[in-house]
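Colleague: Could you build the full structure based on these sequences and the hints that come with them?
These protein sequence lines are chains A and B, in that order. The opening residue of the first sequence carries number 22 in this note's numbering; numbering runs sequentially from there. The opening residue of the second sequence carries number 112 in this note's numbering; numbering runs sequentially from there.
It should be emphasised that the hints constitute simulated quantities derived from the structure, not laboratory data. Note that the structure is a prediction, hence the values are computed from the model and not measured. Hints may contain errors.
[Stated by the list, open to error] Example chain A residues on the side facing chain B (calculated, C-beta under 10 Å, incomplete):
#, residue
1, K166
2, D167
3, I168
4, H170
5, Y172
6, A174
7, T175
8, R177
9, V184
10, I186
11, F189
12, E190
13, K194
14, W267
Even glycine gets a Cβ: it sits at the ideal position worked out from N, Cα and C.
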Amino acid sequence: MLFRRIYQFLIVYCLGVTGLLAIKYATGLSNYVIPDLTLLFDTARRMLTGYFFDVLNTLSVTVLGQMVSIFMAFFVGIIGRKSSWAGSFIKVMAYNIQAYPIVALAPIIFILIGDGFLSRLLIASMICYFPLLLSVLGIMASPIKDIEHFYIATGRMRWQLEVKIRAFENLNKLTTVIAGSATLAMAGTIVAEFIAADQGIGYSIRIALYQSDLARILVALFSIGIIISVYQGILETVGEQIKTKWFAPKGGELI
Amino acid sequence: MRFECRGLTFTYPGAEKPVLENLHFSMAAPGFNAVFGPSGVGKTSFARILAGGNNGPGGDALIYEGIATILYSYNQERLPGWASTGNHLEKVCPPEKSDLKKELVRIFKVDALLGSRFSQLSMGQQNRMNLIRYLIQDFDLLILDESLANVDEALRESIILAIKEMFPAKLFLYISHNLMEVARFCKDILVLSRPGKNKGAVVVPGQNYETGYTADPQAIDRSMLEIMNAV
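Modeller: What follows is the structure in structure tokens.
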């Protein structure tokens with residue numbers, strides 16, 4: 022799982038760089054516009070370690086932001102799963118807010134809170150929160166009638182059991198959504214760093230952008246890609262381990 | 112204990128025709144009774160309406176006397192997959208029914224399956240496991256909607272006979288498509304015919320065989336003919 026993610030990223034990255042080089046040589050662009058491989062490797066040698074720590078800095082905010090979003094999404098999703106007015110209100114609100122590009126609110130957050138860790142964390146959480154919430158709401162609001170019937174009929178159903186049944190039956194979906202939301206959280210953090218932070222890989226890319234240094238940007242993208250692939254791979258591996266522990270061992274599928 | 116149905120009619124929202132129309136019948140005492148009828152006649156709808164009691168869609172058309180708790184089990188139910196079936200049975204078993212559970216596990220021949228997860232069982236094993244957890248609950252009326260489907264005939268017979276012997280004071284409504292089985296083992300058989308046939312519901316007496324019975328082929332044939340005539 023982990024290595025597959027990294028291979029996939031490397032393939033996409035190499036294709037992207039090859040495409041850029043093809044444009045460079047086809048149109049005769051200078052190294053100033055699109056760097057050649059020598060310049061790219063030279064920049065990587067100089068910048069990769071620094072960018073690596075920048076990405077780790079961004080990743081720490083991403084992980085924290087994602088954890089906040091997961092907690093919030095489950096909290097609101099569990100409350101909103103009922104067909105009560107509160108549940109319906111939460112669902113309608115989540116669908117409508119989801120339709121709005123949350124990243125556009127980032128400047129307001131910077132104006133109110135200023136640069137720094139908290140602003141980045143808030144933007145990262147907000148960006149991955151709503152897609153997570155919609156998935157969790159969808160899962161938690163869908164009864165698993167074949168399992169729940171007995172507990173309802175015998176008066177044994179408690180909200181904890183209901184949540185456990187629905188989460189267990191949708192574990193694959195939940196794992197995929199959580200792993201996918203890591204990308205959103207990372208994107209949110211980087212966008213926040215683009216706008217006004219003074220740390221992280223987004224900030225470093227902003228500096229490279231002001232210097233029109235595509236080689237640095239490509240090296241930064243490489244660091245982001247590798248680290249987010251590792252992070253998503255870890256999330257998926259953890260999900261797989263939970264599934265293996267929770268689900269029954271299968272003797273083999275016939276069909 | 113008495114259970115009566117007075118003019119029960121039910122139409123699904125948006126449907127043009129009722130699935131159940133003006134049903135009248137009465138079942139007066141505990142026992143192992145059946146609901147029989149062709150596919151699509153509304154047996155499951157009827158069972159679910161009964162399970163809803165007076166607060167369900169049946170409303171005042173259903174009269175229950177001495178029946179406080181109604182449970183409805185059906186053959187597609189599942190136990191959660193995060194623990195073994197034995198663990199789940201243990202959790203839903205009231206402490207005073209622990210011996211009953213052990214006895215049922217033995218009769219239903221699922222002793223060896225208690226360590227397995229529900230998804231690892233065959234359909235017949237799943238149905239047996241599911242039925243056990245209903246039988247160890249407190250109930251007055253238990254509706255068994257194809258609850259013994261996919262169980263082999265010999266085992267099904269021993270299970271039905273055991274249920275009759277162990278729960279003489281309870282009312283059961285066994286929904287099955289097995290004509291021979293309901294004719295042999297059920298006391299009263301409620302036969303549902305399609306709405307518009309002007310037959311409504313007819314209660315046909317079955318042979319109500321108990322453990323150690325001697326079968327009377329002619330009597331069984333008579334019951335089966337009566338049931339088929341009522342469909």
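Colleague: Indicate, hint by hint, whether the structure satisfies it.
Modeller: To see whether the hints hold, each was checked on the structure:
{"no.": "1", "hint": "K166", "result": "9 Å, holds"}
{"no.": "2", "hint": "D167", "result": "5 Å, holds"}
{"no.": "3", "hint": "I168", "result": "5 Å, holds"}
{"no.": "4", "hint": "H170", "result": "6 Å, holds"}
{"no.": "5", "hint": "Y172", "result": "8 Å, holds"}
{"no.": "6", "hint": "A174", "result": "6 Å, holds"}
{"no.": "7", "hint": "T175", "result": "5 Å, holds"}
{"no.": "8", "hint": "R177", "result": "7 Å, holds"}
{"no.": "9", "hint": "V184", "result": "12 Å, violated"}
{"no.": "10", "hint": "I186", "result": "6 Å, holds"}
{"no.": "11", "hint": "F189", "result": "6 Å, holds"}
{"no.": "12", "hint": "E190", "result": "8 Å, holds"}
{"no.": "13", "hint": "K194", "result": "15 Å, violated"}
{"no.": "14", "hint": "W267", "result": "5 Å, holds"}
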